[in-house]
Amino acid sequence: MTGPAGEGPAVEITVDGAAVAARPGELLIEACERNGVYIPRFCYHPRMASVGMCRMCLVTVDTGRGPSLQPSCMVTVAEAMAVETESAAAVKAQNGVLEFLLINHPLDCPVCDKGGECPLQDQTMAYGPGESRFVEEKRHFEKPIAISATVHLDRERCILCDRCTRFADQVAGDPLISFMGRGGATEVNTFADEPFASYFSGNTVQICPVGALTAEPYRFKARPWDLTEAVSTAWVDSVGARVSVQSSRNRVLRVQGVDADAVNWGWLTDKERFGFEALDSDGRVTGPLVRDAATGALVPASWADAATRAVEALSRAPAERVAVLGGARLTNESQYAWAKLAKGVIGTDNVDAQLDDGLPPELVLSLPRATIDEVCRPGGVIVLLGGDPKEELGSLYLRLRHAVVSDGATLIEITPRATGLSGLAAHSLHPRPGETAELMRALLAAAATGAADGGAAGCDRAAIAAAAAALDGEFTVVLGRGSLAETADSAAAAAAMLAGRGSVRFLPVLRRGNVNGAFDAGLAPGLAPGRTLLAAGTDRLAGIWPRVPARPGRDARAVLKAASVGEIDVLVLLGADPLNDFSDRAVAANALDGAGSVIAVDLFVNDSAARAADVVLAAAGPTETEGTFTNIEGRVSPMAQKVTPPGTARADWMIAADLARRLGADLGFASPAEIRSEMAEASELHRALTPEALAASPVEGVMLAGTQIPVPAVEAPVAPGSRGLRLVATRTMYDDGVMLRHCPSSRGLARGPEARVNPAALYRIDARPSTTVRVSSARGHLDATLVVDEGVPVGAVAVGWLAPGAPANALIEAGSPVTEVTVEAR
Amino acid sequence: MAADGYVDHAPGYVANEGPKIVTGRFGYEDSHRLARFEATGGYEGLLRALALAPGAVHQQVRDAILLGRGGAGFPAGVKWGFLPPGRYPYYLVVNGDESEPGTYKDRLLMERDPHQLIEGCLIACYALGLSQCFLYVRGEMALAQERIAAALNEAYEAGYAGRRICGTDFSVDVVLTWGAGAYIVGEETALIESLEGNRGMPRLKPPYFPAAVGLYGQPTIVNNVETLSNLGWIMANGADAYRRHGSESSPGTRMFAVSGHVRRPGVYEVEHGVTTFRELLYGDNFARGILHDRELKAFIPGGGSAPWFFPEHLDLPLEAKPVGAAGSMLGSGAVVVMDETTDAVDAALRLVRFFARESCGKCTPCREGTTWLERILQRIADGRGRPSDIDLLLDVSDNISPGPYPAASDEARGLAAVAFPPRQTTICPLGPSAVAPVVSTIRRFRSEYEARITRRDAIPVKAAS
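As they're listed, the protein sequences go chains U and Z.
So the working numbering is basically just the index in the first sequence, starting at one, shifted up by 62.
So the working numbering is basically just the index in the second sequence, starting at one, shifted up by 1.
Simulated from the structure, these hints should not be mistaken for laboratory data.
Do not rely on the hints blindly, as some may be mistaken.
To be clear about the criterion: a stretch of chain U counts as covered by chain Z if any three or more of its residues have a C-beta under 8 Å from a C-beta of chain Z, and this derived list gives those stretches [claimed, not checked]:
hint, segment
1, 112-120
2, 163-170
3, 243-252
4, 481-495
Taking beta-carbon pairs under 7 Å as the criterion, some of the chain U residues facing chain Z (in silico) [unchecked claim]:
hint, residue
5, M136
6, G158
7, V159
8, E193
9, R195
Where a beta carbon is used, it is the ideal one built from N, C-alpha and C, also for glycine.
Take these sequences, add in the hints, and give me the full structure.
Structure, rendered in structure tokens:
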């Protein structure tokens with residue numbers, strides 16, 4: 063692995079007669095490239111271990127024992143090394159390798175998706191023979207074969223560079239594709255009956271140096287020279303992976319990873335890569351809709367009609383009876399506009415970008431932050447407190463995985479059940495649901511005394527003592543929300559305990575889109591923009607906002623409970639879908655039914671809007687509007703507009719400005735840039751976000767650091783004493799969410815409902831594995847397949863949050879510290 | 002018995018006159034049993050070794066100048082010294098994946114005298130302070146596997162292997178494993194990959210020696226079966242006695258497998274470095290001359306991957322250095338003999354096809370280049386050659402192994418020898434191995450290629466009735 067510069071004095075080498083200062087430990091191919099000498103290559107990839115297989119990068123190297131041909135991707139620079147990249151021997155060898163690669167490569171470039179951006183094509187032009195001396199029949203394979211639901215493999219085009227197979231094995235940890243056969247019959251393929259079902263499969267398509275791997279969404283859609291691109295940020299989760307959005311004729315056709323050294327290293331999850339498909343799907347709302355009083359159906363309306371209906375409802379309602387839920391989908395600028403509209407114009411603080419599915423914002427914002435690089439630093443100790451990064455934040459998972467596998471980091475996971483990282487974790491602790499704080503208390507006590515008194519939260523003494531020993535020195539905490547079947551209180555209390563330890567820093571990994579930007583913009587109860595409590599921010603906002611709510615408002619749970627008993631007159635769903643995303647399905651349904659008016663601002667008519675929205679305002683999505691995005695670290699990077707929104711859909715900030723105007727207020731800005739300059743005025747935090755700073759760091763983005771919020775006191779709830787089975791509900795990469803429903807290539811990938819139990823708990827269940835069981839709570843039930851899973855704590859039943867046809871929130875009572883369930887045969 | 006010297010059984014060991022260091026028991030029907038082994042001085046070397054300090058055993062091996070018999074001919078005692086001190090555990094891996102075309106000496110050692118090999122392993126383990134040994138036997142050698150497994154059972158039961166060997170506090174576990182039929186696994190790093198359960202493909206160098214980073218990333222010694230089989234004798238009789246055989250720079254004896262057009266093909270134990278090819282091929286004690294009294298056309302001195310020698314090279318001694326200087330290699334001790342009736346193109350095709358099929362597919366020049374060479378040769382053999390194909394063969398060869406490629410001298414054509422080893426654009430020497438028959442035959446027998454290319458068989462004419 064090449065990584066960044068080594069430490070120490072420069073290594074002097076000679077490249078093509080010129081003196082070059084290389085970094086100690088640097089690979090020759092890198093040193094040459096940094097100094098303007100490009101050596102052709104196929105198998106070499108800066109983010110993966112060198113294998114020296116394609117032999118394209120052979121150059122003449124002399125280390126004092128005479129010149130010899132060496133693969134420059136395998137040779138580390140050494141003092142006084144003399145390199146000839148264009149010696150007769152090197153030119154002949156490179157020419158020979160290209161001829162070898164081409165003898166069996168079909169010359170179907172005119173119909174190949176890679177044509178025009180193909181390293182094989184490009185390097186043949188630059189380094190290859192003009193014509194082939196090969197007169198025999200080329201190698202033939204069935205072409206192409208589907209190796210997964212999304213990826214196709216054309217083995218005739220494959221040059222066996224080992225990039226995709228290496229990625230799958232080393233980077234993703236999903237070694238599902240491999241070399242098979244020998245000699246000239248060698249091929250890449252999957253194992254029998256095992257598709258390349260990896261969350262990261264699309265990366266192989268991007269790094270393939272020929273057109274052997276293609277992905278369904280882009281196959282035969284465009285020629286590379288017809289595409290224009292803009293660097294942007296992935297929006298489906300909160301990692302903020304940098305992407306290149308590529309479009310042609312006002313349609314986004316492809317999204318590719320961009321190598322941001324501090325963030326995603328060029329890798330993306332398939333959801334980040336292919337999620338753009340949903341934006342262009344038939345289900346997209348392209349203009350405003352209103353509920354027809356006669357038929358009860360949502361019917362198209364003009365913007366004037368729809369906005370008027372919304373404003374009528376808003377202006378009738380007292381401010382404290384208006385609530386705005388959601389907003390994580392929005393850009394930072396739109397979030398600020400909506401915060402200003404809700405808090406500064408309407409005057410309600412019943413605003414929450416989360417749906418009881420995250421962590422208390424004032425806790426998250428108060429914690430000292432760590433960057434991804436700091437968490438993943440070589441040899442570091444990482445405490446994972448929360449959910450499964452592989453399922454929730456895939457590109458962060460790849461960084462964490464690399465830190466453990468290649469950089470010697472130690473991982474301690476305290477999660478509700480085994481995660482995608484459990485196999486790599488030094489210590490895996492899975493407390494009984496609702497007892498994370500008890501476990502943390504025991505861990506810290508053991509770390510302080512050097513010995514564990516006993517087990518805690520269902521984890522045994524030895525495991526606690528071993529994990530505690532690893533907490534001896536410096537560590538960072540990756541803090542997320544674990545199970546959604548319990549309140550965040552226990553985990554929040556555990557995090558607050560760690561925050562008390564001087565040097566500990568946190569990487570908050572709330573998963574939902576731009577939720578970090580929403581917090582920073584003040585889209586949460588009790589907050590003003592800029593990681594400031596509302597009370598503390600009032601003075602600064604005076605003169606910028608018409609008004610500021612006097613008291614902190616309700617959070618999502620309180621809003622929905624109030625709505626369900628008729629205490630909310632207008633409920634604005636800013637991309638929110640409480641029916642599917644709020645912890646308690648029954649409360650969500652009653653709230654939607656009980657709210658006076660429901661106004662949805664969204665890209666789709668989600669289940670909640672379909673049930674209850676009186677007005678749906680069509681919003682522009684990512685790639686359709688300009689703005690910025692704030693990731694888990696606080697890193698702000700641009701969201702590029704590449705196409706126009708469909709129909710009459712508008713950017714969310716424009717909708718806010720329009721509603722404000724109709725309410726008699728002027729938000730005072732007419733572009734995202736103007737919003738950013740107002741944000742810099744309204745918030746100390748955002749002062750760093752200047753146009754110059756954004757322009758200076760187009761890939762890495764601008765870090766917003768610091769907080770005005772002290773660490774709140776968090777009371778740990780009393781652990782429940784019951785002995786029943788408790789529910790664990792965690793997020794999965796693919797579920798029945800509205801975006802994925804509209805994403806053709808991902809639609810079938812959500813796993814069916816499963817109820818997972820520890821084999822040691824099977825005796826408590828009167829049903830056989832692999833049969834359908836009914837999981838029931840006091841609230842409701844769902845049917846799922848019973849699966850035995852050693853990674854689930856003994857006293858728990860684990861389900862996916864939003865499996866198709868089996869939403870877990872049907873079982874959960876909002877605000878309940880644990881969810882007790884029974885499992886019986888169906 | 003078929004006519005004129007053909008043997009009607011698979012070629013095997015032939016008891017020749019001369020010192021017997023590793024083949025001494027081969028004549029016994031029950032040579033593979035523990036009882037016979039013990040009755041003929043077996044495990045005496047181990048007991049002698051156990052009475053010495055490990056360092057003293059290592060010194061004996063160093064003093065014996067025991068050259069590796071796998072092909073490279075590197076002194077075993079020196080190789081052992083490459084183990085980095087203190088980075089335990091070390092492993093011993095026994096390379097029993099003998100598959101070089103023409104070579105079948107290790108198979109006989111494993112089938113006929115498995116205890117001798119086990120004793121050698123134990124001595125090596127003792128000398129180097131390691132406690133785990135992996136015996137990797139070629140997948141196709143069913144009898145060798147069976148005999149070694151049975152011998153290991155006997156050795157464990159008799160206390161020669163396992164815990165507290167012979168009452169000392171020295172313990173070794175010997176793990177028997179076998180390959181899945183890939184030639185390349187004879188290359189030591191590919192063998193280690195295969196042992197680890199991976200696809201058998203060579204590792205990249207550096208690190209140059211498994212002694213630094215080997216099996217499971219630990220320091221590892223990989224030794225050939227014949228090399229280890231010498232250790233019991235050396236410990237029983239001493240390094241001085243060993244050095245009394247063979248030449249000064251190549252002491253002891255060495256097994257050579259002679260195959261092809263000779264009267265008496267077989268494996269012979271010969272004095273290392275003293276005997277010449279002429280004696281080996283023509284001597285009464287050995288192969289007894291060319292079959293049917295025909296003329297010798299060419300011979301390969303060290304297995305299929307070695308460049309060819311011709312009649313004028315018969316007086317070279319069977320020793321690595323002079324053979325290397327003369328443009329070939331002694332390799333794994335396999336001498337393949339071809340008489341005047343041999344078609345050079347067909348012979349080259351046969352050998353190239355082997356390497357093309359056995360290429361692991363990892364690096365481009367070997368995977369594509371060897372396959373291409375095979376297809377051109379096949380075309381020429383099929384009568385569809387073009388005059389440009391000869392230069393094409395040479396240039397494709399040059400792209401696998403940038404020239405000049407090692408070759409024997411040819412005074413008649415005024416060509417000097419090009420010394421071994423070849424250069425390579427590949428990861429391992431397999432690709433360059435496929436070049437050997439191509440370059441050797443074109444250099445010497447270009448006219449045969451030309452004849453094959455220009456010759457047109459007459460079109461059969463059907464008489465009108």
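Quick rundown of the hints versus the structure:
no.	hint	verdict
1	112-120	holds (count 8)
2	163-170	holds (count 3)
3	243-252	holds (count 6)
4	481-495	violated (count 0)
5	M136	holds, 6 Å
6	G158	holds, 3 Å
7	V159	holds, 5 Å
8	E193	violated, 13 Å
9	R195	holds, 6 Å
Comparing the model with each earlier hint shows violations of hints 4 and 8; every other hint is respected.
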